[in-house]
Structure formats: C-alpha cells, structure tokens
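Could you put together the complete structure from these sequences and hints?
1 is the number of the first residue of the sequence shown in UniProt numbering; add one for each residue after it.
The reader is advised that the hints may include incorrect statements.
The calculated lysine to aspartate or glutamate pairs, modelled on EDC-like cross-linking and capped at a C-alpha distance of 16 Å, are [as the list claims (entries may be wrong)]:
{"id": "1", "residue 1": "Lys64", "residue 2": "Glu129"}
{"id": "2", "residue 1": "Lys136", "residue 2": "Asp63"}
{"id": "3", "residue 1": "Lys16", "residue 2": "Asp99"}
Per label pair, the in silico range of CB-to-CB distance [what the hints assert, rightly or not]:
{"id": "4", "residue 1": "Val26", "residue 2": "Gly127", "range": "28 to 36 Å"}
{"id": "5", "residue 1": "Ile20", "residue 2": "Leu142", "range": "17 to 25 Å"}
{"id": "6", "residue 1": "Leu108", "residue 2": "Phe76", "range": "15 to 23 Å"}
Worth flagging that the hints you see were computed from the coordinates, not collected in a lab.
Each residue gets a CB set at the ideal place from its N, CA and C atoms; glycine is no exception.
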Amino acid sequence: MANLTSSSPVSLWRRKRDLIYFVFFVIHIPIVFLVDTVHFLPSFLTFQFSYDVRDYYFTTYQDKFFEDGTPGWFIFFNLMELYYHGPLSIWAVWALWKDHPMVPVHLLIFGLQTFITTIVCLIEMMGWEDRTASQKQNLLSLWIDDVGYDSQITA
Numbered sequence: 001m002a003n004l005t006s007s008s009p010v011s012l013w014r015r016k017r018d019l020i021y022f023v024f025f026v027i028h029i030p031i032v033f034l035v036d037t038v039h040f041l042p043s044f045l046t047f048q049f050s051y052d053v054r055d056y057y058f059t060t061y062q063d064k065f066f067e068d069g070t071p072g073w074f075i076f077f078n079l080m081e082l083y084y085h086g087p088l089s090i091w092a093v094w095a096l097w098k099d100h101p102m103v104p105v106h107l108l109i110f111g112l113q114t115f116i117t118t119i120v121c122l123i124e125m126m127g128w129e130d131r132t133a134s135q136k137q138n139l140l141s142l143w144i145d146d147v148g149y150d151s152q153i154t155a
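Now the structure itself:
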C-alpha cells in the first residue's frame, strides 16, 4: 500500500496486494453499474446486456433479494453500492495506480462495510425456507468469496 517514505510512488506491479485490489476494483465497477444497480439507473444509462445478465443470475441462483418484496434494508444496501461502492471503486482504481496514501483508510472502510452487509445477507439467506439446500449452496458459493476478500482488506 501507499509508500509513505519516498516522494515517488512504487510501481503497482511491485505492490502485489495492491495489484490484486486494483484488479478487483476494475472488475467491480462494471458489476456495480451494469448489473447490481441497473434498476436504479435511468433508462438512457442502461443496456439490454445488463438485464440479460440479471435474468441469467436470477434464473441460475434463485436470489430472493431481487424478487418482488425485497426487504427495505436490502434496497438500502443496493443504494450504498450505487452511491458508495461505485464512486469509491472508481477512485480506488486511480488511487491504487498512483499509490495514494489514503488507500489503506478507504479500503478499511470499504472492507468493513462490505463484510457487514454481506454477512447480513448470508444470515438472511440461510433462513429462507422456500429454497433448497442446493440452491442456497449455489448462492453461497458466489457470496462467500466477498466475505473472504473483505476480511483480507480489513486485515
């Protein structure tokens, strides 16, 4: 992370952990805006591709959070993704590239927020009585990576 002892930044290619974070955020940006929060965006900012990916996700993973009757707290989590994750991810790509000294602080906040919201969703999901253990396991396989990644950011 940020090089505080020298005036010239260390290359991203030499900062292996930062390079992993950089790749994560580069991948995370299109997911936030093209898939996860597309239902909040005005129609002129959306693409059919986004709806196709969401339909595939719903069909494959049977995620109740995206069905009718979504809990209010989950909608709030989606709004955090749109208004916090999206802008922070864009900043993080730039900041990691530049070896910005505030990267550790922002990654800590991001990691904690994402870890907590993901755990809340996992706890709720495990209580779904209308999904089979296999359906829950498929969905868990997607989300458990987030928990592991977020715990690494905060370490």
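Exercise for review: Sort out whether Glu129 lies within 16 Å of Lys64, counting only the CA atoms.
Suggested key: 11 Å, holds
Check your understanding: Is the Cα-Cα distance between Lys136 and Asp63 16 Å or less?
Key -> 9 Å, holds
Check your understanding: Taken at face value, is the distance from the CA of Asp99 to the CA of Lys16 at most 16 Å?
Key -> 12 Å, holds
Exercise for review: Given the hint of 17 to 25 Å, check if Ile20 and Leu142 actually sit that far apart at their C-beta atoms.
Suggested key: Holds, at about 19 Å.
Point to revise | Outcome of range test on Cβ distance (Val26, Gly127; 28 to 36 Å) | key: 34 Å, holds
Practice item. Just tell me: holds or violated, for the beta carbon distance of Leu108 and Phe76 against 15 to 23 Å? Key: 21 Å, holds
Hint check: no violations occur; every hint is consistent with the structure.
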